[in-house]
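Using the numbering used here, count along the sequence shown one by one with no gaps and you end on 99.
The hints are simulated quantities; they were obtained by calculation from the structure and are not laboratory data. What you are looking at is a predicted structure, and each value in this text was computed from that prediction instead of being measured. One should not assume that every hint holds.
Claimed, not checked - Here are the simulated PhoX-like pairs of lysine-lysine, each with C-alpha atoms no more than 20 angstroms apart in a straight line:
#, residue 1, residue 2
1, Lys74, Lys64
2, Lys14, Lys82
3, Lys14, Lys74
4, Lys14, Lys3
5, Lys82, Lys3
6, Lys40, Lys14
7, Lys64, Lys31
8, Lys14, Lys64
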Amino acid sequence: DIKTNILTSFNDLKAYQSQLSIQSSSINNQKVLVKGELQKFDLGESTLFLINSRETKLIDMQIKQAELVSKYQKSLADLYYKAGTRQEADLILPQQIEK
Numbered sequence: 001d002i003k004t005n006i007l008t009s010f011n012d013l014k015a016y017q018s019q020l021s022i023q024s025s026s027i028n029n030q031k032v033l034v035k036g037e038l039q040k041f042d043l044g045e046s047t048l049f050l051i052n053s054r055e056t057k058l059i060d061m062q063i064k065q066a067e068l069v070s071k072y073q074k075s076l077a078d079l080y081y082k083a084g085t086r087q088e089a090d091l092i093l094p095q096q097i098e099k
């Protein structure tokens, strides 16, 4: 059924939005941890290994965020494809959400 396919794509899109929001928050938290580790290093209470470890984790998180953005964009394109056009997707989705 077309409407079911559209709603499935819409739900996928919303899931990616949620994941992107969480990932963005996690990245901001990791940046705070990197900054804190640098401050500890300046005080002589940390090592370059720990700083490098925190920075590597931050880079990995940023890569994951880029992958999520890509998946989000693909899901958005899939939604438009299944709806036929963007205008049709915009017309169908609000009606289905209310039900």
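The hints, checked one at a time:
Proposed proximity of Lys74 and Lys64 is supported: the alpha carbons are some 15 angstroms apart, at most 20 angstroms. In summary, the hint linking Lys14 to Lys82 is supported, as the alpha carbons are separated by about 16 angstroms, within the 20 angstroms threshold. Between the alpha carbons of Lys14 and Lys74 the distance comes to roughly 13 angstroms, so the proposed pair stays at or under 20 angstroms and holds. This hinted pair checks out: Lys14 and Lys3 have alpha carbons roughly 16 angstroms apart, not beyond 20 angstroms.
Distance restraint check for Lys82 and Lys3: the Cα-Cα separation of roughly 9 angstroms lies within the 20 angstroms cut-off, and the hinted pair is therefore satisfied. Using a Cα cut-off of 20 angstroms, the hinted pair Lys40 and Lys14 is violated, with the two alpha carbons roughly 39 angstroms apart. The straight-line distance between the Cα atoms of Lys64 and Lys31 is roughly 15 angstroms, inside the 20 angstroms bound, and the hint therefore holds. Only pairs whose Cα atoms come within 20 angstroms are accepted, and Lys14 paired with Lys64 is accepted, the gap being roughly 17 angstroms.
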